[in-house]
Amino acid sequence: MLKYLLKRFFWMIPLLVGISLISFMIMHLAPGDITSSEASFNPKASEESRQKLRELYSLDKPVIVQYSLWMKRMATLNFGTSFASHQRPVFWQTKDKDGNVTLGMIQEALPITLLINVLSLILIIAIALPLGVVSALKQNQLADRVITLFVFIGFAIPGFWLALMLMYWTGVQHNWLPISGLQSLGHEHLHWLGKTLDTLKHLALPVFISAITGLAGIALFVRNGMLEVLHQDYITTARSKGLNEHRVIYGHALRNALLPLITIFGLSIPGLIGGSVIAESIFAIPGMGKLFYDAVLMRDFPVIMGILTIGALLTLIGNLVADVAYAWADPRVRRGVMQ
Amino acid sequence: MVKWLHLRNLLQVMTWVVLTALMVGCGDSTSNKSIHKIDYSKDYPANSGGTLIDAMTGEPSGLIAMIAGESAASAIAGNIFNSLLKYDKNLELTGELAKSWEISADQRTITFHLKPDLKWADNTPLTSDDVLFTWQKVTDEKTRTPYGSDFKLVTLAETPDANTFRVTYKAPYAPALDTWAGLHILPKHLLKDQDINTTAFARNPVGSHYYKLEQWKNGQYLKLTRNVNATQGQAKIDHLLSRIIPDKAAQFLELSADNIDSMGLNPIQYARIFPARPELNKNIALYKELGNSYTYLGFNLKRKPFDDIRVRQAINYAINKQEIIDGVLLGLGEPVASPYKPGTRWSNPALKPYPYDPAKAKALLKAAGYEDHDGDGIIDKDGKPFSFEILTNQNKEREMTGVLIQRRLKEVGIDANIRVLEWASFLGRFIKPKEFDVVVLGWSLSLDPDQYSIWHSSQQAPGQFNFISYSNPRVDKLLEAGRLELNPDKRMKIYHEFSAILLEDSPIVFLSAGYGLSAIHKRVQGISNPAPPAGIGHNTYEWNIPQAYARSEMSEH
Amino acid sequence: MKHALRNPLALIGFSIIAAILLLALIAPWIAPYDPNAINVKAILLAPETNHWMGTDGLGRDVLSRMLYGGRISLLVGFVAVGIATLIGIVLGAVAGFYRGWVDTVIMRTVDVMLSIPTFFLILAVIAFLTPSIWNIMIVIGLTSWMGVTRLVRAEFLSLRNREFVLAAQALGAKDARLIFTHLLPNSLTPIIVSSILGIASAVLVESGLSFLGLGVQAPQASWGNILTDGKEYIQFAWWLSLFPGLAILLTVLGYNLLGDGLRDAYNPRSNQN
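Chains as they are written, first to last, in the working numbering: chain A, 982 to 1320; chain B, 287 to 843; chain C, 32 to 304.
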């Protein structure tokens, strides 16, 4: 096991370097940099000053030189500062000589995105699990068809369309939920319970939209997994032993069908930190998706590289954790018996 | 086993509980509903207090305008900082921090006299030292600002006393006064030991204008509070809150739900949606003012046949500009015949845009050798059809304009296709290397008439603004003279002549100048309607929210 | 296939797709107006006898734009998936057949590609290139081949050791023959299922890109950009949102139902009851 873990860790480094190199190259494929935004195409801003800016950010040097400068900084875990946001640190906060703390951009955006994605995942499981089980048990009957249809509709509906309609219905026609934003205006003055409720109210719609599109995948997965398992011999054995049907389903079938779910979790880690660009834009949520989108449009290279690198790192770790968790959870693998 | 069942059920129950709680717990409907019943047509005496909430699509990168540059930054910083001069409601220059100024006989020196007893928001006196400091910063090589070039023309800047600031230029520089109306004066006592490019001051500024920054929640909103030491007097509204809402559709929903007080509208919302929605009109008033930019069709003068004035004029006649204003702007715009804001002294009233005259267009094209020789509907010359690409960037109105132009050109036999490009590509791959035929873009209508950087023949290098490669010696002379003449009446004559030549030459086709459209809740009173030349924003310090109309803080979402 | 169609949901899916494909094919003949014909006197009209689906912000007939837009949206789907499937088959076959270091390299590349959130990747690349219809198709294709690769590889790995393959090998069949005549045809169904589901995703991605301004560009119509154009008037000009939204919904739903139905039919285990 240890050897396996070490081998995986060892592989992560060249993979990360490879990913960062590819990302860097792609970014520099495109023409333009931070100085070519529409705002700077303004007769009051001279070309010499734009050129000066380029030199200050090392944008006039060859791509390989820029990449090695970036790598050198990364070696000391310095993600650099943003080109577009007045030198805000990309990743973690910094303190200047007067003691003023400037929060890092990823530091602020990541928790928000994580919160939405985790809540969304919980919601998905809470709904998809029972739906998938029912679907499997009542295979090809009405319940199965209806559930499949419902789940697919959720997947098929364009997210921003549903978002706008819900925002209109819940926020304009009725005053049930806030329309956009992360917190209400008097948020700091609330009791911690009030703060939690306030944040949850603001996240209700984004989480719902995010969940409804992810529902289909998990529900189907659970359904197919259950079906696969239900037809296995040991289930027939358990039934013929006279076991209570409930015990058969939940005690044996479900547990085993859920094992691959762990792999799914591992695979959805990049999604966890990659906030939905569309949902965040519509709901005015300052998460990772919006951060990335703005950075791409402004050609804010340090931020783009920072997000891609962290994303890659978390994915690799997530995959590793998922594989290990699966190996541990599945007794067959644990005991080294090959299928 | 049984445990599993319980766990799963528990999760389900919890989810439903939470969802229900959210639904029920949000029954704040009472407070908002009562607001909807208020009659906003009553007039109240001007009152102090209240919060004005508006929405921005972008977030400022910092609040030091000389470094930040984007419009969100200038909009907010403009409420925090003062300049020496400002434009009054008729777009004439008047003093802001300066109570008066003199120009020397040789027109090279300007002396500003500051108003007495000026203070910063932190109660420190504001003196000419601060002005000198600001000038030093904007001209410092190390400062990452794109706006330094105008200020570098000053050869000597002095502070003879605490209330006087004097600058001397190498040669008379007429646009100087306009530049001093745009430079936010920064506090020396807070910035002298700081690196202006990285200082935390940019996120926590101290200024001297009506408002100071109270709170900045990254990605969410910026809150400004009235500055009791304001140099220009006291504003009536206590707080300005700018919420960051990137999506315009979401902004409109927030406006409809009375969560924000003001937003910018597009022509369709202004002219079609609001009139059809009585419930919106009851509480929200619409305002329009002539905007600050014009849209144009620019020719690459280095490419045939755009170097032929007949071809350019023909295309100018072929385009129906009123149709563009009616179609793209729904009538909410004005035609322009010069690069100046209509109604200001720089705009030559004698000039009229080219009328829509396809017959004349065809005649001019024929004179230039273009006719449909092969009967395929497209005119040609020397066997080559007249066909080109119109490039524009990702801007709905420009795209629509392009499509309308394409149709009109087709009627005179010109085959044009439209290509929409992302901005940085556009700039880097097409404009800089001058790899384009025709573009549809916009420029700002200047308040200062100097147009040197756009039209002078020396400004054609890659990255400079005369990317259409216009070169006319008479225009060059006029632009140079205009920069040296500080007398406004004499200057006016120069630029009127310049505009006349430009119209005749037709290196670009002036298409339209759109109105700035806003929707502001009726609770905000004191807004000038109709808007003066400077726009409705000229007197925001006089806007007020009567007590009876103010929102209660916590019902805001 | 017949077996799949006994599933009522798959049947519904199939009918929806067939109907939409048919409409898209005959669009040039049935569209009442030129989809790009601007009419400034008919801006934002509600559905009426002259314009069954109303008009948009430039007076263009929405029904015609929907028909032509359908062609574009579906074309994006087909070409993007075509590219992805082609790459996936090639890489998956090579990885599954030859194994060894080739397999490792290919699978590690798949891992690298999967560690960047797909939408971010598409977004970044499109933003950097010009958002033309071809770029969109290519970029979606180049970012969705990973699933197909894994699928094909898995199929090849499992089929490789079956008797008919071993027999063919024993008879001296060359690699290429093995791949094309024996392995690939038997892996076809999961590839088809994956393609069908991929088309659905591609249509959704295009609408997402349109929302961000990076989808099919004006003046070409696509369901995504009609929907995006109408989003600011969602309370007022409901027709600009309803019709493209429904069209996207039905198309994606149809493909998913059909693909899922096929998958169910193909999987022998899940049909025993």
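Please keep in mind that the hints were generated in silico from the structure rather than gathered at the bench.
Computed from a predicted structure; not experimentally measured.
Every residue, glycine too, gets a C-beta built ideally from N, C-alpha and C.
One should not assume that every hint holds.
[Unchecked claim] The calculated lysine-lysine pairs, modelled on DSS-like cross-linking and capped at a C-alpha distance of 25 Å, are: (1) 652/B to 1033/A; (2) 385/B to 375/B; (3) 503/B to 1078/A; (4) 1033/A to 456/B; (5) 438/B to 428/B; (6) 652/B to 696/B; (7) 1078/A to 478/B; (8) 438/B to 588/B; (9) 1076/A to 503/B; (10) 503/B to 1182/A; (11) 1076/A to 509/B; (12) 474/B to 385/B; (13) 456/B to 1182/A.
[What the hints assert, rightly or not] For each label pair, taking beta carbons as the anchor points, the in silico distance ranges come out as: (14) 783/B to 1084/A: 50 to 60 Å; (15) 1042/A to 635/B: 30 to 40 Å; (16) 759/B to 1042/A: 50 to 60 Å; (17) 208/C to 1306/A: 40 to 50 Å; (18) 324/B to 1084/A: 50 to 60 Å.
Failing hints, ascending? Numbers 1, 8, 13, 15, 16, 18, in rising order.
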